[in-house]
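2 protein chains.
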Amino acid sequence: MGTGSGTRVPIPDNKPFVTTLKANLKETFFPDDPFRRLKKQPLQRKLLLGLQYFVPIFEWAPRYTFKLFRADLIAGVTIASLAIPQGISYANLATLPPLIGLYSSLVPPLVYAMMGSSRDLAIGTVAVASLLFTDILGKVVSPTDNPTEYLHLAFTATFFAGLIQASLGLLRLGFIVDLLSHATIVGFMGGVATNVCFQQFKGILGLQHFTHKSDIISVLKAIFSQTHLWRWQPAILGCGFLFYMVLARFYSKRKPIYFWISAMAPLTSVILGSLIVYLTHAEKHGIQVIGHLKKGLNPPSYRDLAFGSPHLTTAIKTGAITGIIALAEGVAVGRSFALVKNYHIDGNKEMLAFGLMNIVGSTTSCYLTSGIFSKTAVNFNAGCQTVVSNIIMSIGVMLTLLFLIPFFSVTPLVVLSSIIMNAMLGLIKYEQVIHLWKVDKFDFVICICSYVGVVFGSVENGLITAVCLSVVRLLLVVARPKTLVLGNIPNTTSYRSIQHYDFAQRVSGILILQIDGPINFACTNYLRERIMRWVDEEEDRIKSCGEKSLQYVILDLGAVGSIDTSGISLMEEVQKFIERKGIKLILANPGSEVIKKIHLSNSIKTFGEEHIHLTVAEAVKACTFVVQVDV
Amino acid sequence: MGTGSGTRVPIPDNKPFVTTLKANLKETFFPDDPFRRLKKQPLQRKLLLGLQYFVPIFEWAPRYTFKLFRADLIAGVTIASLAIPQGISYANLATLPPLIGLYSSLVPPLVYAMMGSSRDLAIGTVAVASLLFTDILGKVVSPTDNPTEYLHLAFTATFFAGLIQASLGLLRLGFIVDLLSHATIVGFMGGVATNVCFQQFKGILGLQHFTHKSDIISVLKAIFSQTHLWRWQPAILGCGFLFYMVLARFYSKRKPIYFWISAMAPLTSVILGSLIVYLTHAEKHGIQVIGHLKKGLNPPSYRDLAFGSPHLTTAIKTGAITGIIALAEGVAVGRSFALVKNYHIDGNKEMLAFGLMNIVGSTTSCYLTSGIFSKTAVNFNAGCQTVVSNIIMSIGVMLTLLFLIPFFSVTPLVVLSSIIMNAMLGLIKYEQVIHLWKVDKFDFVICICSYVGVVFGSVENGLITAVCLSVVRLLLVVARPKTLVLGNIPNTTSYRSIQHYDFAQRVSGILILQIDGPINFACTNYLRERIMRWVDEEEDRIKSCGEKSLQYVILDLGAVGSIDTSGISLMEEVQKFIERKGIKLILANPGSEVIKKIHLSNSIKTFGEEHIHLTVAEAVKACTFVVQVDV
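Note that the protein sequences, when read in sequence, are chains C and W.
Heads up: the first sequence is residues 1 to 631, going by the UniProt record's numbering.
Heads up: the second sequence is residues 1 to 631, going by the UniProt record's numbering.
Hints should not be assumed to be uniformly reliable.
Copies of the same chain look alike in the list, so a pair counts if it fits in one copy or across any two.
Quick list of in silico lysine-lysine cross-link-like pairs, DSS-like style, CA-CA up to 27 Å [what the hints assert, rightly or not]:
id : residue 1 : residue 2
1  : Lys-596   : Lys-482
2  : Lys-255   : Lys-26
3  : Lys-429   : Lys-253
4  : Lys-253   : Lys-22
5  : Lys-482   : Lys-429
6  : Lys-139   : Lys-22
7  : Lys-605   : Lys-341
The hints are simulated quantities; they were obtained by calculation from the structure and are not laboratory data.
Computed from a predicted model, the values in this text were never measured in an experiment.
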């Protein structure tokens, strides 16, 4: 034995514990090594770069030009025209006063403009989070009976959402947001959108009383139990505006140059609707209107944070759920547009920006804000260049609050319902669901569970189901690594799965197995059973076709990225099991961690250093050489 | 371009959904394909084989010989001598009447003898589960104030433990037990053993009142708050017997042929202790004794199962925790000895056997039993050949219950304390903890957390902490796959990590990255950051040393066993990011799942079929060929 020539697999040096720990922590929490640029710089420059890192406005402001400003101005005005009706509508969805929605489009975008690293993201209130406020907070405090307490709890929830977002960013725990996979979010958003759409029938049918539950069955019951109270006036108005906005959206989608048609549609609807009410006095004929609104900018609200409230835990829960969802959406949106324009977005830094924006917001009468897809897309199409477009939008909202606000007192609620419905229809992404089905059935199941959970259960149920399923999927990946039988690709030294490459050829007398994933305590029992079965089956096969008997089992460990102590014990057990059958175990292509742990646990003697090879080809060569000598 | 010759990576056929689902379910739940032997057999033989599969006694009984019986008889008598004192002691630990401990060594071993597949496992009550009964059940019902209710709840908990064990086996959910990793169990057992040892000072110091809490601080407080009640008589007796048993154990460990010295030590101690009490009337001088015991076999207890009890949920919880722990221990013990004798143990089948044994036990006045390491080791050393040794043990206990039981009424409690303490000392496996530290630091942390949680908190806290940590570890493995830079091993076509193989050489103008694990939604953000950083760093490096600029990035996907839709999106994003830098992305060695999903999501066009190669070597060849032509 020991004739296997070729390269020896080196055993990595045993580095000091602290060094390894430091390296591992860095890889886990700082994959992007954010302070890389700061290295080897003088202290002053280090401070400047550090400041620019945390507050990006210092980086780009000195280079800001008039040309950029012109582009940002146009984009800013466009998104302001979208922000005003959306602000009012989403506040309505969160059962908060309409002014809170406008306030929320004023302060947070300014904070984001200082701290954010995206150039395209448009900040504002988000539909899903708004609904969640009604859904979770509304369960403990009625927004109609106790509007002040509800409002204060909403500020508190926003504060905690911001706190959690900022902490996740500071502690580099962005991977918690990663647990909301794309499939989960598609299903979740679709489910929320479906629910919200049905809830809008309240406004469109002019109903006064409605259920506080959000599941589809309660909502449908509420709609159809009051058919005698349905009114035709708001229905016609609502359907008309909805039709107009959907049409505008489809047209703009086809011809992106006319993006402003779709972008202006909500504001046009609000103006048209208000004019109709103003001229026809429709408020006296069953059309509900927003009612009196107070002029003026955001009042401070830091005294309203209800830290002593008996419902504080609910506020924290609302903050945590909405904060994480808003983060997931906002970061994803920012990232997609950054990819199109090819600049880099730092997820952890974005979280910090979002968090600060919401903390500041909660003290200035704003509720939860994030980056929104629809507004960002409009911003992008309008040619925005930097976050200055958010500042312009902010100024637009400010002017509205100071001068134009009385005009909105006659805006009919039904227009807001149409605006929300139109936005929601864009959130149901059936093509993506089809794509999931085609590419990955498990992702599809996660998506559907998330959707069904939200639509028929509650928002939390849907989310928890989907996250649990996602985690189970992850655990299944580690608990059930695939094992593949390899064969030689003719005329090469490559060995590949004979199931995948049907022309790969088995090597007579040798069973080559590849373990296709990390080995850990959760999969050792499985792997033991599976490897034993492979060996038994191979022996049966050989017996039935009268080939040369099995003499070697080669384990290709190339795909085993990590292994734990249970994994090492497994390898020893497999070795014993195989040896008792008179078969020899050969290891091929162990990674640095595998060879290091085999060495540390002293089992390298069990396997024999001469039975560990760099490649499968070398292992096979060593085996066949011995086989020939034996003959 | 497109000059890359070599083997094309085939795209696997799109099999019907049901076929794939069936194959996946089979791989997940039936890795060992238990009914493989039944295939291609006539129906009658199928039925016989099926019966033999579920009730193994039918398989081996016809081949049972007198020679085997002789060996089993010796082993059986030896373990019976251990079973009697252990049964009484552990019942004491569970604060159950001593007779229940003996009953539990009578019926369950008989059931296991029918159903079990291990030839060495000795069945009996287990220390850890006994302690857990006191710990969890004792919190809701006091065993001293309401002994009958407590007893009935113990039967009920045993019933549910059996039910859960059997269900896990039937539903092929054995992998739930796998979540208790070896490291968790070492720490957990050590912690429980430490607590139990300290609790035995109650008996050894002859204390009457003691704390019901199990954490070390409460126990130490209870011991040292009553120093005035300490008695020297039991202390001397207890320490003497403990010293004798520990000595016997060490001696037997050194010379395994004298295993019986250690095996007989507990029974010798009980007999000696009882004789001393009987002759000196020590029960009147502060030595507590067991007291009157009723002759006779197990009374039926199916009417005592307290399904209507208000504490039913506690009983179910106790059953679930103890059942799973007992299962983990029992199956692990059976497996280790099977490995020594080279026969196969089917984990799922063992679970079924354990489950039935406990269900039957709960209806015949037994509490939880499992396979015990210490007894099994004695059984093995005594030369047992089949489970018949368990039957012999059962008969031994039966004879004791019928004729010898009055003798045990004078057995001093302090001897039982010494027996428990001696058993516990064997459960603290410090060498294994050192091994964990040496081989795998994370496993060490899990072990220590589990130990500290149990010793200072509660048994449940320790267990939950350890399981959560283990799961976090698994999630970290999938959330943070390693990325390695590969270099060419001189004079070969192999490419390996340049960090591991320091003689591997970078290929000029090409960055070769290997992703060392499955790609899924939890790691896409990480991989995106990390790959971008690798590319940036490589460009910096090239700039600083003036080499040829970067033209290709080769991704080696050989270790990517599975991928989901988020993973596919990631690959597309990386492709876009790299292309914008004027660099070309090449894929090498994709597995069947990866290439299939790339194909299904239509992104094969994005990558270009000619940019997907069988091996890194071929990819490099294709790149360098183009580079040369370009020049």
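Taking the hints in turn, this is what the structure says about them:
1. Lys-596 x Lys-482: both (23 Å within a copy, 16 Å between copies)
2. Lys-255 x Lys-26: neither (47 Å within a copy, 50 Å between copies)
3. Lys-429 x Lys-253: within (15 Å within a copy, 68 Å between copies)
4. Lys-253 x Lys-22: This pair counts as neither: shortest intra-copy Cα distance 50 Å, inter-copy 42 Å.
5. Lys-482 x Lys-429: Neither: 33 Å inside a copy, 33 Å across copies.
6. Lys-139 x Lys-22: neither (46 Å within a copy, 44 Å between copies)
7. Lys-605 x Lys-341: Between copies, since 22 Å is at most 27 Å while 56 Å is not.
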